[in-house]
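Produce the entire structure from the sequences given, and follow the hints as far as they go.
If you want the building blocks of each chain, they are given just below.
Protein chains: 2
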Amino acid sequence: MSPPMKSAAAIMSNLSLSTTPPCLRLFSLSLPFHRSLNSTPPIHTNPNLIVRNSSSGSSITAKPSSEMRKNRNTGPDQDQKLFALRQLFRKPDINIDAYIIPSQDAHQSEFIAECYMRRAYISGFTGSAGTAVVTSNKAALWTDGRYFLQAEKQLSSSWILMRAGNWGVPNTTEWLNDVLVPGGRIGIDPFLFSSDAINELKEAVAKSNHELVYLYDVNLVDEVWKEARPKPPNKPIRVHDLKYAGVDVSTKLSNLRAELTDHGSSAIVISMLDEVAWLLNLRGNDVPHSPVMYAYLIVEIDSAKLFVDNSKVTHEVMDYLKKAGIELRPYEAILSEIESLAARGAHLWLDTSSVNAAISSTYATACDKYIERLSSKSKGNNLSGAPTALCKSSPISLAKAIKNHAELEGMRDSHLRDAAALAEFWSWLEEEINKDVRLTEVEVADKLLEFRASQAGFVDTSFDTISGSGANGAIIHYKAEADSCSVVDRHKLFLLDSGAQYLDGTTDITRTVHFGEPSERQKECFTRVLQGHIALDQAVFPENTPGFVLDAFARASLWKVGLDYRHGTGHGVGAALNVHEGPQSISFRFGNMTPLLKGMIISNEPGYYEDHAFGIRIENLLFVKEVNTPNRFGGNTYIGFEKLTFVPIQTKLIDLTLLSAAEIDWLNDYHSEVWEKVSSLVDGSAREWLWNNTRPVAKP
Amino acid sequence: MSPPMKSAAAIMSNLSLSTTPPCLRLFSLSLPFHRSLNSTPPIHTNPNLIVRNSSSGSSITAKPSSEMRKNRNTGPDQDQKLFALRQLFRKPDINIDAYIIPSQDAHQSEFIAECYMRRAYISGFTGSAGTAVVTSNKAALWTDGRYFLQAEKQLSSSWILMRAGNWGVPNTTEWLNDVLVPGGRIGIDPFLFSSDAINELKEAVAKSNHELVYLYDVNLVDEVWKEARPKPPNKPIRVHDLKYAGVDVSTKLSNLRAELTDHGSSAIVISMLDEVAWLLNLRGNDVPHSPVMYAYLIVEIDSAKLFVDNSKVTHEVMDYLKKAGIELRPYEAILSEIESLAARGAHLWLDTSSVNAAISSTYATACDKYIERLSSKSKGNNLSGAPTALCKSSPISLAKAIKNHAELEGMRDSHLRDAAALAEFWSWLEEEINKDVRLTEVEVADKLLEFRASQAGFVDTSFDTISGSGANGAIIHYKAEADSCSVVDRHKLFLLDSGAQYLDGTTDITRTVHFGEPSERQKECFTRVLQGHIALDQAVFPENTPGFVLDAFARASLWKVGLDYRHGTGHGVGAALNVHEGPQSISFRFGNMTPLLKGMIISNEPGYYEDHAFGIRIENLLFVKEVNTPNRFGGNTYIGFEKLTFVPIQTKLIDLTLLSAAEIDWLNDYHSEVWEKVSSLVDGSAREWLWNNTRPVAKP
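Keeping their order, the protein sequence lines are chains F and C.
Mapping to the numbering used here: the first sequence position 242 is 242, numbers consecutive.
Whatever position you read off the second sequence (first residue = 1), add 1000 for the numbering used here.
Please keep in mind that the hints were generated in silico from the structure rather than gathered at the bench.
Since this is a predicted model, take the numbers as computed values, not measurements.
Computed cross-link-like contacts, DSSO-like style, restricted to lysine-lysine with a CA-CA straight-line distance of at most 27 Å:
(1) C:LYS1643 with C:LYS1243
(2) F:LYS560 with C:LYS1598
(3) F:LYS560 with C:LYS1699
(4) C:LYS1560 with F:LYS699
(5) C:LYS1560 with F:LYS598
Every beta carbon over 10 Å from chain F, so not counted as near; a handful from chain C, in silico:
(6) GLU1211
(7) ARG1490
(8) TRP1666
(9) VAL1682
Among the chain F residues that face chain C by a calculated CB cut under 10 Å, a handful are:
(10) ASP551
(11) ALA556
(12) LEU558
(13) GLY562
(14) LEU563
(15) ASP564
(16) PHE590
(17) THR629
(18) PHE633
(19) GLY634
(20) TYR638
(21) SER660
(22) ALA662
No residue lacks a Cβ here, since even glycine has one placed at the ideal position from N, Cα and C.
And the structure:
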């Protein structure tokens, strides 16, 4: 899956303009949506993976992967909502001049539960990326080029659409500084902003002397939403079997505690949902596509507390947690525990790129109180023992990225079952198309889900399927909608990017096919994308090489003829967890210095997109492993990849005259491996299809 | 030419340890010698081009490219010198506890005049890289792995050899902080440290409350050296013909002035010698290999002053300068002019990475005085108009790097004459070796100089020839010495890296050959280096791509079998100027974000070095140009290279089975071009040699 654009907080402060390295000028567009490029970027906001604006914003009719599913006519209409929201501005305990409503939940999640889709509720705009800002007499919504058309349709006339990235469009803080009288009070829900984002926001509005007002106790949109607001998810949590997790909780906890001790910390608060799930070997059901549950985890040297809605905790899980020495606390009790930590003098490890501002501010305030108390007692002479924060990337991020043997086995196995489902699917689809059956992009995606769902251990899709025929394939984050999507046209290229969550692993694969006769142009582009895919797949490199060093391998064949693609080449993937995870990436962004380490999983997905015509992407998942090279210059280990994905690549689309002998060998070897690994899992016409589509090709 | 290690100032503060990006862990060694990695690195200290320490320091017997030529027995012996130096410490107007003697001149030059080789004089150690520090009872010399053996031989027992880069060896400031009583006074010659270096130095010694004492008026080593000190060079300056320079001085000056105005500056001080030479279209004779003269240039909006020893200025040059509106000032008058600039309220553009601390400190002090004066007059109410510095990379650096048509033509033409000289040389050498004539590495290099010197417009070598037979070829900066060098062995690989200065251009080429039967191992390594060379030569990439993106192309074929090389892949080259120039580079160091721009020249020199056995490097110079791609995705221009160097690559060393069809085509096309361009410039046996060595090869 080609990764999504991200982070409404970034839209707000328009970070990219100040943090985009010069190299991004490679591409002609400014990038208003990515996060600041730290050398160790926050997970789940992987700045290297964000698709840039297409220059043809006007053609974009795609819907987001993750958007509000509720009928948006529930409740009062948009103007009434704004009226109700503004009424709250004037309450004496609130007293604000503006309110910012971002897209995020409190955990910086990629996929969020409906009850947290406040920006969609208040504005009516259901796209995945956007920020709403309401003042006493204005309401504005920022979104990016993917969503301009959708936002135009969905916003009422009370809303100003801010086409972020377009020339002359202010970012949210510039706009606020412009429309508010200096010295204004800007309200926010501090749970919905990362600690880093809020600091940038604060600095930006301070230019006009505005103050950020943290409204801890009430989210104003929820107050307007009232009873119509969906209940927070409460599906049961399950234990992730040790045979898939590989390492038990007590080992993970003791590794984490050793790391805390090494860094002089006595506690850590973990707020990324996949980190909580990974560390505790638990899986949840709270959001689509990601098997996670809403929770915070605090680990101290001799205790651990999980903050989660009790209704999700089955007896089995309760026993399991008890055995692991993990206490349960209500989800809402997080801030009081943070206060108590500070009061006990705990040195708290905070990943300020992911931990929300409610937590970090509460800790900071409580630390100040502690110091005041200490100062007054000791008359300021002895402040040793006062609690301090360690602001540092979460140590779980890297630990989770490096898969153990069991996780890798689960990934391997689930990929083979996924490949079987795909062979059945492609065999079925070709047959239907050849029978001239009319099938829409959505129907095709639904059918794929059926095939996957019949595989053992299937849980969910790992993201909304991108099923794009013809020009829709050129929309990188296209989401077909039943009421508006295209038919899968046998005379056009068809791009299908999809994935699944299984009990033992997570998949993500893209194939591009043609059911009729591809044009020479399409074949050349496909072949060059394939050459990039092969070059990256075959790369061998010294240990500790950051992913961006390899990015050019995937683009070189396209560059030769002046082509390129506007997204990263590879993202990390969780093991039976989030389909996008950090900290590694392979991208043209040079900020992510995380090396590709043995045990990581990364996608290999170069592409090419011709606006209004077609899209091509070829994606496999790869496992990073040591290569047994005949030399080891400098005593280095050399690193390469092993494929996890085993689904044929359509040879009809290849211009064999462009391929080198080595590239043809790669293709034939791959197909022979596909047949070998997957043929026993399918039968009938699917097996026949697999046979036909794994036959070797010869250099013409 | 593979670029030298650099910067004694960096040895001192051991900058690399704090600024080395994690990616450098690619290589197993720490890098104590490179400068801090700014996104726009200073020219001439190109941090990406510095060779890393070989792990086999003990095998290194190479001497530097640039080292003291004088007999070091001139004057008192080492102990007497130290005694004399320490006597000076106690003079009331000096009063210091330690004195630091770096290798630099006042202009951060790569090649320096003998009279500035103070570190070599005082310590007896003549290697190109090193820093001496003398206290009242200790003397220590820092150098790197290339020079450990040489330093052991050359240092007297009064000196401690500090093997920089070895485990546990302190850097100079750590050592000073250790051996001096806190609150000490550390003397330096502020002309010999860049402004940036001195700030780092100051900060490091402040940890022990030491103070840096700037001794402006006297260099203590010169005081010891006395009459034996060589006179500063005074060879005449010449005008660089407009037909080679392409753009006249008044145009260059007006472009520079426009840039000053754009940045709110009213003056700039230019201290890099090649920048002065380039801007004024002058060439000098003050140092070996680089056609530059010791001078500073100050350009203001309506005037320009050249600070240079009058004795070098011929009548012709005097007239020329007068016509260009450039006044002459004595070299020594630079600081008084800086003071006067500040007094006049000039906003001075300072490239603090190259401008020495004497200049920047003088300016800062004078500015403070100005402000004091202004404050006392206006009672502190109006400081507008006070002079301020703009600390920014020199604008000449990039302007100089982008060659104009005439410069490019000069580079092309001089490369063809150079190629003719090389054809004559290789033809001669093969013949001699075949006749079993015994030739040393130095004799061979001398003969090459003869062939080059007979070419039109020859001026000098562009660096000390690296002529290495067998194991000597594995020493990246090897310099053969007449009294100790090896014979060129017909049974071993021979690496020859050399270049010339011509009136119209600068060359730099490396070829590796075998006169007998190369081993399979040597052939495989050579072929993989060649594949890297071809991959980089053929690269096409979007405009604004920084050089480091291409570095992996040159290494990929070596990496496949676990091989690599410990130096950068490409450095900039001046047009009839320095053989090393910035700001661009192609390197595994990711700090240099300078894009490769149309008009730049860059070397393509991957290599492979097997310690104690052989070295391989294949180097051509390339010109960066626009490629006429069939597509221009995103409206981008696509960039590629055109070769400047036309000398055969020995096909005997190629394992043709490893090459792809496209790589064989590249080789045959190149050789056909070599024949076409060079054959008319040679005759007799050289022409025959050229014919034999440009015949096409076929895939076996």
